[in-house]
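So the protein lines, in turn, are chains D and H. Take the first sequence: its position 395, counted from the start at 1, is 400 in this note's numbering, and no numbers get skipped. Take the second sequence: its position 270, counted from the start at 1, is 271 in this note's numbering, and no numbers get skipped.
Quick caveat, the hints were computed from the structure, so don't treat them as lab data. Predicted model only: the values in this text are computed from it and were never measured. Incorrect hints may appear among the rest.
[Stated by the list, open to error] Heads up, simulated DSBU-like pairs for lysine-lysine below, C-alpha to C-alpha not over 30 Å straight-line:
id, chain 1, residue 1, chain 2, residue 2
1, H, Lys229, D, Lys198
2, H, Lys288, D, Lys198
3, D, Lys148, D, Lys389
4, H, Lys288, D, Lys36
5, H, Lys199, D, Lys27
6, D, Lys311, H, Lys288
[To be verified] Derived contacts from chain D toward chain H, CB cut-off under 8 Å, selection only:
id, residue
7, Val19
8, Leu44
9, Leu153
10, Gly239
11, Lys240
Every residue, glycine too, gets a C-beta built ideally from N, C-alpha and C.
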Amino acid sequence: MNRSIRRLGIGLVVLYLALFVKLNWIQVIDKDDLDANPLNTAQVRRDFNRPRGSISTADGVLIAQSVPNPDESSEFERVRVYPEGDLFGQATGFFSFRYGSSGLEKEYSDLLAGTTFEQQIRGFADLLVARENVGNLSISLRKDVQELARAQLGDREGSVVAVDPRTGELLAFWSYPSYDPNYISNVDQAAAKEAWDIYNAAPGQPMRAHQYQDRYFPGSTFKVVTGSVGLQTGKVTDEEPVYPRVTSYTPPQTNLAISNFGGQVCGGPLPDVLRVSCNSAFAEMGQATIGAADMISGSESWGFNKAAPIDLPDPARSVFPTDVVNNPPKLAQSSIGQSDVQATPLQMALVAAGVANGGTIMTPHLMTQVLDSQGEVVKTYEQKPWLTPLSPEHAATMRADMVNVAERGTATGLLIPGYEVGGKTGTAQLGTEPPQSHTWIIGFAGLPGQDPSVAIAVVVLNQSGASEATGGRIAAPIARAVMEKILQVQNGG
Amino acid sequence: MTQRRNTELGLMLMAVIITAGAYVLASLGSDARIPANIIPFMASVLGLLLGAHVAVRRLAPESDPILLPMAALLNGLGYVVIAGLPEQTNMPSGEVLARQQAVWTAIGVVGFVATLWFVRRPRDLVRYRYTFGLLGIALLLLPLVPGLGTDRGSGSQIWVSVGPVNFQPGEVAKVLLAIFFAAYLAEQRELIATSVWKVGPVRLPDPKYLGPVLLAWVVTLVVMVYQKDLGSSLLFFALFVVMIWVATGRTSFLVIGGGLFAAGAWFAYRTFGHVQDRVSIWLDPWKDPSGTGYQIVQGLFAMAFGGVTGTGLGLSSGVRIPASESDFIFAVLAEQLGLLGGALVIMAYLLMVGSGLRIAARADHAFDKLLATGLTLLLGVQAFLIIGGVTRLLPLTGVTLPFVSYGGSSLVVNYVLLALLLRVSDQNERGRARPRVEAVAA
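This is chain D alone, in the form it adopts within the complex (with noise of 0.2 Å):
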């Protein structure tokens, strides 16, 4: 019987050590992935006990702070209460014992919780001296401009995205359906439980933050993308070529035309084909004037098919499609944003971004500063480019080319009094039965003879018909009031 002992005795050593090699996957090789992942509340856990700094806006609104915990019986000595609601939910995110943590509660945690190395050391050196190691966040966002942004939109859903072109940092960041971080962060986890599985099946995905989670047919306002492509590479200019005044463009190896809106017949150089948002002109443009590689590269110097860096978790990629290169219909199509293009609205804004801001798109933000407990400065969010699509006279000609859309063309909605604005309509098909689409419009405004200081895009979903003009008569007064707010308060009254 020995033998079988002993070789029992080896089978079992055997099963051991597997479990050996299982623990040391999940406690080493894992463990960043594991500590990483959007379910694990271990991080929360860990600081959902500790003082934990405020979120404000410019306007210096608390939208985030923790309190003293009115229930003195429970486990918790502090709640996450966010005094705003819903205004800012998709920007600060909740902080949930349950749930963890999303947004910029999830993004700046440790600053939040002042356990980054940098707030450990300072609070080593006055270690004698009582107070709560915090970081307080500031973010660009003013509450204003956003109840603005909120009652423009109402209850149609979409999204609200503005920047500074200048800086990166967002002014406007508003989406419907929002939701109201504190049902989440409540404390009693059967509430927040129930709140959270009311959200989640709640239509619209209110807890996504649609402005930079979610991505659209960006329809029209892509032109602005292929007409900068065919600039930047120099097959395209304001003048050449002249695109002929047809009704339709039908690509290479296809019978399926790509018609102009209601049937409209338009062509010409640069300027007029964007003017009046020509179907057939761009389709051709980037199909046979630019062709399929330019395009990719192109779209992609743009910040299609990577995510834009902005400080907040998981942004969705924006898309332009790859399988276009011996693909002329497709090819033809996206270059209209239609077929696979998609775009997220911030992805959008960051293209009006670009234009106004000389070709470069300065990397996305809400951070300002962090400050300490005593007001002093921890940290001051460092402005660097994103990405330089366009050179600056390149950019200069688009430009241009926007505002004559805004002045002459589609975006005349968009015009505000005594200020320069450029902008693009569009309308992503999405049926026939009823016509029914996404409308959109990018923008950017600013003082005449200045720098553009607002870079915008709106897009509002499910919008019943489908021509060209229906972005410029819904989305396009959303846009004009948001910006006409921001260079309000940018220009002292």
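With chain D held as given, fit chain H onto it using these hints.
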């Protein structure tokens, strides 16, 4: 004699010092969750374990010196982890659990000493083999009696509730059945090993000697189906198959056993929702990470958060793993003590398995060999099943982590199991030591 016992005393003291040190550390930190007022309970636990050592000095002086200290270490570490569990809705706090665990440890040690006292020779047990066998099966089936059995909200019908007392009869049954099997196989092993039943060209053991074994197999299936207790079922099955294999030395039993297991597993998987659930959660806990996969996923998070060195005793954030005081205690332990602590626990079990199998190998009589093998297997396989389940090496089967988990039935039975192993060990060494002493004297 004294050398072995002094080794044991040294190891016991080390286990006690480690546990006490861990306990002090855990209650010192500013974030400590361990309240100071259960120190008397802690002290009595450690005192009891030293008392167990004194009892071994008197009652089994030649026995193996490793097993008891390892059990003490595991018991002590488990105690500290349990005491550090924070309060949680619908669950008693670590403080309450730790007090109860102290009482259960006391009962366990009493059971340990009583077993050593009453069972003076392992073969005393042989006389009662059929009583044990029947009692074991009756206990296994007891939770199915209407009015007695309950699942206590766990989903497994494995509890018996009499007045205020709840216990898991399956825990007792496993030791009784191990004794029965050891006795039965010691008696019949020659016959089983040499009998041949030809089915065409295939040579199988004669089924008529296998009656009790097949009966046991059926019983385990019943347990699995009606009590939904996969862990115990698997444990029994491993026990039976391996014991027959060790008894007869015929590998065909492993093959047949494996085949029966595969058939049973396939049948259970196809027929029972709870088996399918366990398997699909094992394969992909991320499919429903806040529902069915919650426990596993949170366990993985906790262990990963601990990393190599752990978060520190008592500093666990693992409040929310369901069953963190029992089935999932390994995840909490590996979080607080890290890979180092987790490996320590695995090593402690491996040492116990090694000691147990050495006792089996050194035994002179077939019954002693088989008994030691069976008991060691129960301990080793149970620890493997639950650690493997928590680390997602295997589908999760709800069994306790021997000596570490909170839980009266399991703790008491494991101490009795330990006493039986020591009894066999003492018997072996006495048989060897005397002639050697005489030889030297001559």
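For each hint, the structure was consulted:
1. H/Lys229 <-> D/Lys198: 29 Å, holds
2. H/Lys288 <-> D/Lys198: 18 Å, holds
3. D/Lys148 <-> D/Lys389: 25 Å, holds
4. H/Lys288 <-> D/Lys36: Measuring from Cα to Cα gives roughly 20 Å; hence the hint holds.
5. H/Lys199 <-> D/Lys27: Answer violated: lysine 199 of chain H to lysine 27 of chain D is near 43 Å, above 30 Å.
6. D/Lys311 <-> H/Lys288: 27 Å, holds
7. Val19: 10 Å, violated
8. Leu44: Interface hint status for leucine 44 of chain D: holds (5 Å vs cutoff 8 Å).
9. Leu153: 37 Å, violated
10. Gly239: 49 Å, violated
11. Lys240: 47 Å, violated
In the structure shown, a violation is registered for the earlier hints numbered 5, 7, 9, 10 and 11, in ascending order.
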